[in-house]
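**Student:** Since the structure of chain E is provided, determine the placement of chain Y on it from the hints.
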Amino acid sequence: MEPMADKTDPGVSGVNQVQNQIQNLIQNMDPTDAELVAAARAGDEAAFARLFEKHKSMVSRLAYRFFSRREQVEDIIQDSFIKAYFALDSYQGGHDNSFMAWLSRITVRTCYDELRRVRRRSESNIGDLTEDEAAYLNDKLRDTSKEGNVEGAAISRDLSNKLLSRLRPEDRAVLTLLKLEELSVPEIAEIMGWSTAKVKMRSHRAQHGLRRILRKFI
Amino acid sequence: MWNRKKTHIDNEKLDRFGEELLHAMEATSHEISTAANSPFLYRRIRVRIEEEERRRATERNQWFVLLSGVKHAIPVLTTIAAITIGIVMFDSVQVGQSGGRNANGGLIIVNDELPALSSDEMIASFVGWQDAQQNQGRDDR
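Protein sequence lines, in the order shown, are assigned to chains E and Y. Residue numbers for the first sequence follow numbering that gives the first Met the number 0, so the first one is 0 and each next one is one higher. Residue numbers for the second sequence follow numbering that gives the first Met the number 0, so the first one is 0 and each next one is one higher.
If we strip away everything but chain E, and leave its shape as in the complex, we get:
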């Protein structure tokens, strides 16, 4: 009996080759977040490690919006991924960025919890300004000659953190999400689990709060 391969039509073998190439391409493609989540849920440790590698920079960037010290940021990265790991079952995949949005929600909430914890434990002594910093602020805010030209003012992150830590955690979270992340009110409401009315009210109060803090230095 002759082997099957000898009888195959050259056209058919060409189709097979193309099919194999497509399969190889698919295999070499990066798995989607949804696939990685499904694998991680099934206990695939490597899949979770890949999710971590893919999204750690995003989490780090978000954490730096709220905290200035690297150790704090590392703690937030750890806490966020641990929370995400144990909440994987509650993740419902959808469009491509869905996992990223889900993870950023967890990260923002972790930052918010940490802000509240820090405030509760009165660790906000870092809020005390040095004389130089107070003088610098006074100069900048009193300077009327430049018609209030404060854009691009060389504000150190340390000084900024000291001033912002005087805000209530919820006010700081809302301002950060609104002004830095440029999220809409409904988006913030979804992330924080608040109503849109509460977000609007909070942002209004936060703005007032920040003005009050700055006025003290005029």
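Don't read these hints as lab results, they were simulated from the structure. Everything numeric in this text was worked out from a predicted model, so none of it was measured.
Chain Y stretches covered by chain E per the calculated footprint, using a threshold of three residues with CB under 8 Å from any CB of chain E:
(1) 11 to 24
(2) 37 to 45
Some chain Y residues close to chain E (C-beta under 10 Å, calculated; not the full set):
(3) SER28
(4) GLU30
(5) ILE31
(6) SER32
(7) THR33
(8) ALA34
(9) GLU52
(10) ARG55
Even glycine gets a Cβ: it sits at the ideal position worked out from N, Cα and C.
**Tutor:** Chain Y alone, transformed into the frame defined by chain E:
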């Protein structure tokens, strides 16, 4: 009027300064990647996940032990309850058959058949009992 305008300008300036403060919190890409690529960061996450899983497993085991203990106790308790009910029912059937008398021929007093004694009868019986005691004492001497 002038004051209101000044306050308005002040607020604007303060708001812009506030935004500058928020923007000052932005980290550079180098800082972001340094924190994200910190050595052993993933290892630390894995260790904490494993610790948490162990803690949850221990907690689950404690509940499991408690529930399995209760599960074993249920048949035992049911058997004891069945035996008790059986004994009570068997006794009441026997009382009904013996016409209110026990094996030695003694009268079984069932709650419903308790004779209703008046207070006078109670005193009379007590006095009679005391007299009998005194008489017995005299006889002994």
